[in-house]
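J.: Each chain, written out:
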Amino acid sequence: MTARADGWVMIAPLTAFLLLMLALPFAVDCIYAISRVSFETLRAPRIVGLQNFAIVLRDGEFWGAMLFSLRFALLVTAAEILLALALAIFLAPLLARFPWLMAPLLLPTMVAPALVGLMYRLVLHEFVGAVPYYFVLLTGDSPSFLGPDSAFWTLATIETLQWTPFALLILYTAYQSIPTEVREAAALDGPGPWQMLRLIELPLMRPALLAVGFIRFIDSFRVFDNVYTLTGAGAGGSTTTISIYIYEAFFRRNDIGVAVAASMILLAVAFALLTLVLRWSERPA
Amino acid sequence: MRRIVAALRWVVLAIAIAALNAPVIVTLITSFKSDAEIAENPSLTIEHPTLANYTRIFAMADRFDIVHYLSNSLIEAALGTLFALALALPAAYGMVRFRVGLAWLFPAVVNQRAIPLIIFAIPIYLMFQAAGLLDTRLGLALIMCLVNLPLVLVLLVNAVREVPAELDEAARIDGAGSWAILLRIVLPLVRPMLASATVLAFIYAWNEFLFGLILTTRAAVPVTVGASFFFSASGGGVRWGVAAAVMMLSTLPPLLLGLFAYRHIGRSLTAGAVKG
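So the sequences go chain by chain: Z and L. Position one of the first sequence corresponds to residue 1 (the numbering used here), numbered consecutively onward. Position one of the second sequence corresponds to residue 1001 (the numbering used here), numbered consecutively onward.
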């Protein structure tokens, strides 16, 4: 039984680290969420019950941020999967012959999202940016990409362009790993390419599709870096994602209880979603 | 017809590569233009290429010390990656071989990826304040370790599962202890996956922004945050040539790693996503 004791010793450092870095902060979160607390009273929070939650749930800005993040995540995830699926299937013969072509395709995911946000300040700048320059050249006019009406679409496009390569890699790998025999056997029934895709290939790629969809939904729902560096809450508050909302409540308004209460609601949503996806992915196809 | 489709594939590939990498390409081009040319010619051509923007960055170290930010990022990302590997490798071995914590610790870590870490930002800020870790390289390295643990643990658990248990048993009969087996038998066999995990973890750590923004102010500022300082410091009158050069230098390390180690990245991203 000494070997099993070794096992406990081996997981102990990781467990201790997580208790310290996640469990303890979570416990603090739970207390602050039901307290009135500011930077001055951090060590003496006054318990006030569910008041913070009531404030958050009645705050129009909170719902605006939730709605922004939800729309953003749904749109971006769907766009990335469709784009990546089309590219993966169309480019599969090329990528199979020249695997190194994946390198330039994956490159965007290597750049820090915060820096991508900064780069687009240059790319979209009305006087020195390349995109407005070519818009004017081709159409005689250029939209204001970061104005209140278009900021959502600009940010969604930026996010999609950066993370489609991730979806492409996962979906291409899944597409390539469909056994040749399966395709050959299915081909005997003489299906068209669309039927092949819909009835054979897509169902076999289901785990990969679910994984990509889930990871990208969560990541784009909690998006912060590129939005913060490109627009901040910017454009008249029209780009306040839920992460930006929490950040502003804490660091700008010193509303610690409210920020933490909003965090807890976000955690509950993430957890519910996770449970849902786990159930769904374990269900046989 | 076949030829046309084949040619079309190359065209689509070229467009995809250009569109996906557009911000980096535009920034790279701008970084080789003089201020005068940037104002006059925002197109993708360079009439008079110059390196002046790059030399200028290093001449302004008193106001904007990029070498300091770059070395912060390098040390923090390296430490953060090392911590994650050091915590995850023994844990992965303990979980797979001794079935300890596989049912609770493993899912707890892996599902951490689904939780927006910003919800822990506030208490971590307060804890760091109490522990004197605010604005220190060690403090940010601990965060980068936390951020990387889900991926690194999934990759290492999968790698350890591939190691035949008979090897362990043979070594145990020869009198080797669990730690000796881990270091002498298992570690060499999982080295390829360890390398892949290291590359991706380093890149993710380098690219971390939110906690850098919250937990550092001067001494430990990583380059992602430093680069955004450059913009806010220059107010309305951003010098775009220098800004572009700053952004290129900040993103070059992960970019080069990604280009040369794309196989590692492909492998770790795929394994992490589908088995995670």
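For the record, the hints were derived by calculation from the structure and aren't laboratory data. Glycine included, C-beta positions come from ideal geometry on N, C-alpha and C. Check the hints yourself; a few may be wrong.
Stated by the list, open to error - A partial selection of chain Z residues facing chain L, derived with a Cβ cut-off under 8 angstroms:
no., residue
1, Leu19
2, Ile89
3, Pro93
4, Leu146
5, Ser150
6, Phe152
7, Pro165
8, Arg222
9, Ile246
As the list claims (entries may be wrong) - To give an idea of the interface, some chain Z residues facing chain L are shown, with a C-beta separation under 7 angstroms as derived from the structure:
no., residue
10, Phe39
11, Phe135
12, Val136
J.: Compare the structure with each hint and give your call.
T.: Each hint tested on the structure:
no.	hint	verdict
1	Leu19	10 angstroms, violated
2	Ile89	11 angstroms, violated
3	Pro93	7 angstroms, holds
4	Leu146	14 angstroms, violated
5	Ser150	17 angstroms, violated
6	Phe152	19 angstroms, violated
7	Pro165	6 angstroms, holds
8	Arg222	4 angstroms, holds
9	Ile246	6 angstroms, holds
10	Phe39	9 angstroms, violated
11	Phe135	11 angstroms, violated
12	Val136	10 angstroms, violated
Checked against the numbered hints listed earlier, the structure breaks hints 1, 2, 4, 5, 6, 10, 11, 12; every other hint is satisfied.
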